[in-house]
Amino acid sequence: MMQINHLFKRPVLLCALLLGALGAIGQAQAQMDHSSGMAGAMKTKPSDLCQGDGLQCANAATPFFDQNGKLLLAWTANGVVSVAQSTDLGKTFTPATKIAEHGKSLDTGSDARPQIVSDKAGNVFLAYSFFKDTNWNAQINTARSTDGGNTFSVPTSLVKDSSSQRFPSALINPDGNLFISWIDKRLVAAAKKSGEKRLGGSIAYSFSEDSGKSFDVERFANESSCECCRIGAALDPQGQPVIVYRAIFAGGIRDQASQVISGKGAGPVRKVADDDWKTDACPHHGPSIAVSSSGKFHVAWYTQGSKRSGVFYANSINQGASYSKPSRIGAEGANVARPYLFSMVQQVWLVWKEFDGKKSSVYIQDSADDGNTWSSPRILASTEGYSDHPLLLSHGDAVFLSWLTRADGYQLINVGHKK
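FYI, the numbering for the sequence shown is -30 to -1, 1 to 389, going by mature numbering (1 follows the signal peptide of the UniProt record, and there is no 0).
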């Protein structure tokens, strides 16, 4: 395939109990040596303490509203990938459909999560990754449903290449064309065979015009990227995918970059901010992007660069050619992590997690003028113990926070409407 249209020894039990709280910090503690084979990706998860593969034991859950307003939820729990449906905004769900069972080899790293999207015809596409050997080489599997998510095909590999692929990110445009990007290590594998040392991975992508049944040949958007951070993706007003990710620049600098992907290929690699983060560590902390109806890019990310450290936001009015001065998310010194952005017309919502030493809270800010001014931060929800990343999605004119916690289960909270 390469063309388009739209990790480790298990810690003691006490460490597992503390992980939920520490997960919200997600900063220096989350960094690992790249040579350890993505260390951190297979640490003990809170789900390991919860016996079962149901939603109550999930470590990550990803939502998607289909065209009829039905909520599709994909999650991973104790090595199993499952999907269920809800017609009452997440209050109740149908019995889960098991997609695959991989046990301890399932990729449940802090930046790994299943991807699920659906087209207007009710076709559902699912992607996830698992480790296929003890050297932490991963494989992305995909599965399809043609009956709205009731049944799924047997999962198959996204690509034929035998190297490592990880962190799929899927989008579907209004025409039903599917876009998927991922971290690909075939160039690293080729360099190793030649006796050369090559750091990181590459950003690869492909398109499908038949709801994921088949894909165009794979292409590279950037041949040099961090190998352990998720890719942020959104559609611009023309239905083109815009991606943001941690690239590797000259001198081993790992700063954020954005690109527009068109039918002709990937646009220029454009740096979001000059953070000057030179590191061989693995932060497991990818960025988020939203694109408003004006075409403005809104980006949020985590860094520990020499020029700035923390979680930041910036925007671009010229397709990433230049970005505004980064502004800090949350209070300086606070344990801020996992920012996520969503836009509807020219309204923008931003959520993130903060850990105060006892509980994790989801904060929100919103902008009614395309990111020029923002409301004051406010807390949406809090929990003690483990919690997943906060996510945002819409149904009709309503915007929702999707948040999974061990104490309170899965929550879908209305946070605003289109004005």
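Hints are not guaranteed to be accurate.
[Claimed, not checked] With a Cα cut of at most 25 Å, we get these calculated DSS-like pairs of lysine-lysine:
#, residue 1, residue 2
1, Lys162, Lys40
2, Lys183, Lys90
3, Lys167, Lys102
4, Lys68, Lys90
5, Lys40, Lys74
6, Lys183, Lys102
7, Lys183, Lys248
No lab work stands behind these hints: they were computed from the structure.
Hint check against the structure, violated hint numbers in rising order: 1, 5, 7
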